[in-house]
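Engineer: Sequence:
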Amino acid sequence: MQNSQTGSEEYVFSQVENLLNVGIALTAEKDHNRLLEMIVSEARNITNSDAGTLYLRQNDQLVFKIVQTESQNVFLGGSGEEVKLPPVALVESNVSAYVALTGKTVNIADVYFAEGFDFSGPRNYDRITGYRTKSMLVVPLEDHEGEIIGVLQLINSLESDNRTVRVFPAHYQKVIESLASQAAIALTNAQLLRDIENLFNSFVQVMATAIDARTPYNANHTRRVAMLARATAEAINAVHEGPLAQEYFSSERLEQLTMAGWLHDIGKVTTPLSVMNKATRLEGRIDIVLQRMDFISQSEKMNSLARQVELLKKGMPEEAEREILLSAERLVKIKEIKELIVKCDNPATFIDDQLLEQLREAAGRKYLDPEGVEKPYLSPAELECLCIRKGTLTDEERDIMEQHVEVTGKMLEKITFIKKLKDVPLFASMHHEFLDGNGYPNKLKNGTIPLEGRILSLVDIYDALTAGDRPYKKAIPWEEALRILGFMVREGKLDSELFNVFKEHRVWEKVCD
Numbered sequence: 000m001q002n003s004q005t006g007s008e009e010y011v012f013s014q015v016e017n018l019l020n021v022g023i024a025l026t027a028e029k030d031h032n033r034l035l036e037m038i039v040s041e042a043r044n045i046t047n048s049d050a051g052t053l054y055l056r057q058n059d060q061l062v063f064k065i066v067q068t069e070s071q072n073v074f075l076g077g078s079g080e081e082v083k084l085p086p087v088a089l090v091e092s093n094v095s096a097y098v099a100l101t102g103k104t105v106n107i108a109d110v111y112f113a114e115g116f117d118f119s120g121p122r123n124y125d126r127i128t129g130y131r132t133k134s135m136l137v138v139p140l141e142d143h144e145g146e147i148i149g150v151l152q153l154i155n156s157l158e159s160d161n162r163t164v165r166v167f168p169a170h171y172q173k174v175i176e177s178l179a180s181q182a183a184i185a186l187t188n189a190q191l192l193r194d195i196e197n198l199f200n201s202f203v204q205v206m207a208t209a210i211d212a213r214t215p216y217n218a219n220h221t222r223r224v225a226m227l228a229r230a231t232a233e234a235i236n237a238v239h240e241g242p243l244a245q246e247y248f249s250s251e252r253l254e255q256l257t258m259a260g261w262l263h264d265i266g267k268v269t270t271p272l273s274v275m276n277k278a279t280r281l282e283g284r285i286d287i288v289l290q291r292m293d294f295i296s297q298s299e300k301m302n303s304l305a306r307q308v309e310l311l312k313k314g315m316p317e318e319a320e321r322e323i324l325l326s327a328e329r330l331v332k333i334k335e336i337k338e339l340i341v342k343c344d345n346p347a348t349f350i351d352d353q354l355l356e357q358l359r360e361a362a363g364r365k366y367l368d369p370e371g372v373e374k375p376y377l378s379p380a381e382l383e384c385l386c387i388r389k390g391t392l393t394d395e396e397r398d399i400m401e402q403h404v405e406v407t408g409k410m411l412e413k414i415t416f417i418k419k420l421k422d423v424p425l426f427a428s429m430h431h432e433f434l435d436g437n438g439y440p441n442k443l444k445n446g447t448i449p450l451e452g453r454i455l456s457l458v459d460i461y462d463a464l465t466a467g468d469r470p471y472k473k474a475i476p477w478e479e480a481l482r483i484l485g486f487m488v489r490e491g492k493l494d495s496e497l498f499n500v501f502k503e504h505r506v507w508e509k510v511c512d
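So for the sequence shown, numbering that gives the first Met the number 0 puts the first residue at 0; every next one is plus one.
Be a bit skeptical, because a hint or two may be false.
Claimed, not checked - The list that follows gives simulated cross-link-like pairs (lysine-lysine, DSS-like), each with its CA atoms no further than 27 Å apart:
1) Lys413 - Lys442
2) Lys374 - Lys342
3) Lys365 - Lys334
4) Lys332 - Lys365
5) Lys337 - Lys492
6) Lys419 - Lys444
7) Lys444 - Lys492
8) Lys473 - Lys418
Calculated from the structure, these hints are not laboratory results. Just so you know, these numbers come straight off a predicted model, no measurement behind them.
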């Protein structure tokens, strides 16, 4: 008697220990598909069942998620082949629907002799496959709020000989109900985590879109950089030779890089629009400068006519004639200066030494304003803008623009990222660093820039070159962009191995506008 009692206690202890281990495993599993598979597999293992089905409740129906039948080698759903069975309507004549609606467990000895439920489905399946559905245990998956989120259905519990079908013992029912409760909580927690991550991802994309929307000249840049970065990392996963063959981007590493891409320009929220939207060197002042040149031209004409009249009154016709010729020359010069200003205002014009000298000479000329005050053709600030060698930004404006990287880092450091995204602030703040140490803001060099930072730097430049929405330049074709990137590689600014992968895998073609 004592031996019998001891054996029973050992059995119970084993079942409890097994259930606890399964509960721990369910809680630890983060992959949704693996979690679904684990619920069915462990329930079948505990009850020694030949088959099992897991349904999840979606609106007013039960959707098949996992279907397993060991004796027929059927394993559908989860990480395997998709379950293509139609969903089950929530009508009480169907046993799984009944359990979902009432929250009550159903334990049936033999479905062929059971009353109260429509088992035509299992019988049709048996007729087609030669299977014999007999005992059935159907348990609700009830979450911590008392909501039925799914149904676990086990079929044909087997004796120790693994051939004889038996009724599901009562103690198995209790264990499976406990397992189902743990499974429901695990599924709810997993769904909650996914919802939180999706919410965070959506929020990040909304912020990035809002920043891009501040200016029409930055539309879609953030999204393209994020997608180009991800596509580049996926191309690296296909590399089997060279230094990058040792690198591999897991799903979590890919997610972190993509997130850094989405957030790399978040600091631009503090960049003045007058800097971000500066389309020409004299942005906002070109009309004033050109009107001034027109005033100077008209003043020259009027002043010359006045001098000609004065000379004629004095009986000096030859001097008057000479004044006409000199005025014509001065008017030509004024027109040339006006054309020079228009040319140099265009960011497509590279300001070489010759143009620089011409601008300085023009700025040194004087005229009298309507109040008779002598002023230069160009103010010091206007001359500074027109003398910008490339682009549209002065040194001061460029410093303001470059500050967005530091702001990005400071803003992202305030966000408590989950563990798998912890390096997002670091990577996002590196997209303007160069391998030769001449990037910004920290002038990092080769060994101190992680692969993620090098990827973001490469794709950010590529998108800037090929984008058709920039105020200071026209879009260039991808061939020309690759040529420029190649120059930067030879100058030691960009990673040569990374550039080769980007080029050979034609990464840009994998990203849609």
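Engineer: State for each hint whether it applies.
Structural biologist: Hint check:
1. Between Lys413 and Lys442 the alpha-carbon distance is near 23 Å, which keeps this suggested pair within the 27 Å criterion.
2. At roughly 23 Å between alpha-carbon atoms, Lys374 and Lys342 fall within 27 Å of each other, so this suggested pair holds.
3. Between Lys365 and Lys334 the alpha-carbon distance is near 15 Å, which keeps this suggested pair within the 27 Å criterion.
4. Distance restraint check for Lys332 and Lys365: the Cα-Cα separation of roughly 13 Å lies within the 27 Å cut-off, and the hinted pair is therefore satisfied.
5. Annotation: proposed proximity of Lys337 to Lys492 is violated, straight-line Cα distance about 39 Å (limit 27 Å).
6. Under the criterion of a C-alpha separation no larger than 27 Å, the hint pairing Lys419 with Lys444 is consistent with the structure, at around 25 Å.
7. As the CA atoms of Lys444 and Lys492 are separated by approximately 9 Å, the hinted pair is consistent with the 27 Å bound.
8. For the given pair, Lys473 sits about 41 Å from Lys418 by alpha-carbon distance, which is inconsistent with the 27 Å threshold.
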